[in-house]
Amino acid sequence: MPHIKSLWPDLPALPERLNVFETILQQPHHEEWPDFVLHVDEETGNTRTFREVKKRIDALAVTLGAPKAEGGLGMNPEDGEIVGIMSDNSSDYVVLILALLKIAVPFALISCFSTPFELKHALKVTKTTKLFTTPQYLPRARPVAQEAGIAMSNILIMSGELGSHESIDQLIAKSNLLHNRYSKPRIVSKDALALLFFSSGTTGLPKAVMVSHGNLLYAFRQAVMVAQDRATVAKPPTPPTPDGLPVVLAFLPMHHTFGFHIYSIRAFTVPTRFVIFRRWDTGRVLKALSRYRATSLSMVPSMWYQFVNHPDFTKTDFSSVFAVHSGAAHLPKEISSKVLEHTPNNDFFSEGYGMSETTVSAVVRPYPGVLNGRFRNVPGTTGVLLPGMEARIVRDDGSEADFNEVGELWLKGGNIVSGYFDNPAATRSCFINGWLRTGDHFRVDPDHYFFFADRAKDTLKVSGSQVSPIEIETVLLAHPDKLVSDVSVAGVRGGRTSDELLPRAWIVLSENGKKLGDMRAQEELERWHQTNLSKYKWLRGGIEIVNEAGPIHFIVPKSTERLPLQIPKSPTGKTLRRLLQDQYEHRTAAHAKL
Numbered sequence: 001m002p003h004i005k006s007l008w009p010d011l012p013a014l015p016e017r018l019n020v021f022e023t024i025l026q027q028p029h030h031e032e033w034p035d036f037v038l039h040v041d042e043e044t045g046n047t048r049t050f051r052e053v054k055k056r057i058d059a060l061a062v063t064l065g066a067p068k069a070e071g072g073l074g075m076n077p078e079d080g081e082i083v084g085i086m087s088d089n090s091s092d093y094v095v096l097i098l099a100l101l102k103i104a105v106p107f108a109l110i111s112c113f114s115t116p117f118e119l120k121h122a123l124k125v126t127k128t129t130k131l132f133t134t135p136q137y138l139p140r141a142r143p144v145a146q147e148a149g150i151a152m153s154n155i156l157i158m159s160g161e162l163g164s165h166e167s168i169d170q171l172i173a174k175s176n177l178l179h180n181r182y183s184k185p186r187i188v189s190k191d192a193l194a195l196l197f198f199s200s201g202t203t204g205l206p207k208a209v210m211v212s213h214g215n216l217l218y219a220f221r222q223a224v225m226v227a228q229d230r231a232t233v234a235k236p237p238t239p240p241t242p243d244g245l246p247v248v249l250a251f252l253p254m255h256h257t258f259g260f261h262i263y264s265i266r267a268f269t270v271p272t273r274f275v276i277f278r279r280w281d282t283g284r285v286l287k288a289l290s291r292y293r294a295t296s297l298s299m300v301p302s303m304w305y306q307f308v309n310h311p312d313f314t315k316t317d318f319s320s321v322f323a324v325h326s327g328a329a330h331l332p333k334e335i336s337s338k339v340l341e342h343t344p345n346n347d348f349f350s351e352g353y354g355m356s357e358t359t360v361s362a363v364v365r366p367y368p369g370v371l372n373g374r375f376r377n378v379p380g381t382t383g384v385l386l387p388g389m390e391a392r393i394v395r396d397d398g399s400e401a402d403f404n405e406v407g408e409l410w411l412k413g414g415n416i417v418s419g420y421f422d423n424p425a426a427t428r429s430c431f432i433n434g435w436l437r438t439g440d441h442f443r444v445d446p447d448h449y450f451f452f453a454d455r456a457k458d459t460l461k462v463s464g465s466q467v468s469p470i471e472i473e474t475v476l477l478a479h480p481d482k483l484v485s486d487v488s489v490a491g492v493r494g495g496r497t498s499d500e501l502l503p504r505a506w507i508v509l510s511e512n513g514k515k516l517g518d519m520r521a522q523e524e525l526e527r528w529h530q531t532n533l534s535k536y537k538w539l540r541g542g543i544e545i546v547n548e549a550g551p552i553h554f555i556v557p558k559s560t561e562r563l564p565l566q567i568p569k570s571p572t573g574k575t576l577r578r579l580l581q582d583q584y585e586h587r588t589a590a591h592a593k594l
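My numbering numbers the first residue of the sequence shown as 1 and each following residue consecutively.
Treat the hints as calculated values from the structure; they're not laboratory data. Computed from a predicted structure; not experimentally measured. A virtual CB, placed ideally from N, CA and C, is assigned to each residue, including glycine. No false leads were slipped in.
Below, a list of computed lysine-lysine pairs in the PhoX-like style, where the Cα atoms sit at most 20 Å apart:
1. Lys174 / Lys55
2. Lys55 / Lys184
3. Lys174 / Lys184
4. Lys68 / Lys184
5. Lys174 / Lys54
6. Lys315 / Lys287
7. Lys184 / Lys54
8. Lys412 / Lys5
9. Lys287 / Lys338
10. Lys482 / Lys515
11. Lys412 / Lys190
12. Lys68 / Lys174
13. Lys338 / Lys315
14. Lys120 / Lys535
15. Lys514 / Lys482
Derived CB-CB ranges, DEER-like:
16. Thr314 / Glu52: 37 to 43 Å
17. Thr241 / Asp402: 45 to 51 Å
18. Arg395 / Glu52: 52 to 58 Å
19. Glu524 / Val233: 58 to 64 Å
20. Asp402 / Gln228: 32 to 38 Å
21. Glu22 / Gly74: 20 to 26 Å
22. Gly244 / Gln530: 43 to 49 Å
Between the sequences and the hints, there should be enough to build the whole structure, so can you do that?
Have a look at this one:
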């Protein structure tokens, strides 16, 4: 099978020097927009208009970039400055992101759910020089940041007032005293680093994915081309809102690539209202949908699962919704069908495939009739390549697979990032001669429709986020009492969707662990890993204590039995996770028949 090219026309070449901020928020048509309510805080009801948000972005950029001698923070990308952001969703999260893009200072998006262990790793990997967080997370973040060498004065807060930490409000207020010559975007190379996302890549601890200004602009142009093509075959109805504006419920985490792009990068293509949730809450989302007459819904599969299975789902009025989308992982058809049944003014469920390494998306299921009528609503397809992209399906031996043959998906395009920050070994293993090895298995038919098969790499997708088995293994091995001598983590069935796998650990106890006893060691390892890992990384698939020989203690939630098992290894010592998964599934099936 030859390399597959996108069915859309090629995108124009990017300029060598640019700043993506100019495309996001400095278009001529923005001056013609009315001053509509752009942001609504779902919790408080507070609102900000488009021009109020834009004014805050411009003012914050001035203070961040102005020299220290004049009262600014003197942030400059040439000084190696990298800003960490650890916060819940908020209007000022968007303000801070866009202000940093405007002055071309790179930033790292850090999960607000990070434990001290995870935060320490994030700050170390990204070499963060300043950290923005909220008063809520400050007690957790401050000691870790200080341990990472970040001075107290370089820990800033998103909201409120704390005497020892400047806030975004205080920084914005300072801008009135500074010269407006700092108000223009900094123009940089298209390859200049814009931000760092965290991804597990194909193996190991979370890595910092380097996204450039050029990557962001290319991904933006891809989205615009797809949207413009759809508009030629299906003009969206007028939103049934008081002012006729579309309404988006912004509950995806802004530190995740999906939420980041929808709520910040693509938010200013047409006047749109964003109802911002600090974090996901299914019941509150359903109530807000009716209250604000939401017109589109974008979620990851685990959210869709919770959504359609909530008791208020069938009681909610979905007549305002005319667009639904799922991304970040494969969505089972039974869920999308249930959504379509309850959205009477929407007849299509858009899906996509992407990862942080593709900036956001790579494959999209566009509206039927686009591509000059070529695209059809083919059951089961993930979609077709986005504009400007190429793909290969590769067998295990490195040769090209045939049409309809499953193999690993390799991708190339202007939205593919250059690699992982300060990690050349991981970059070399995943990025080969301009191609990204996704680690996921797909097949492609002769009409260039892509079909997801499975995940080839060890990384799991839980609640739409990547979970690295090696990260969990590292935490278990790091227990201060050294309870574990060997461990393997792999995914087992039992997630919210049919293809979501839950992390499960197979553990060989050390001498210290054996002295403690199986049950007490298991309880201590449960406590330890839940203290040091975000909730979505917890071992919801269970912990199994194994011995290298003889009988073992097999522990799953709410059940105990004795079975013989060892951690299988290859001749080179590599853990064979697939065998562990297969053995577990076989025993679970046999147990169910009893």
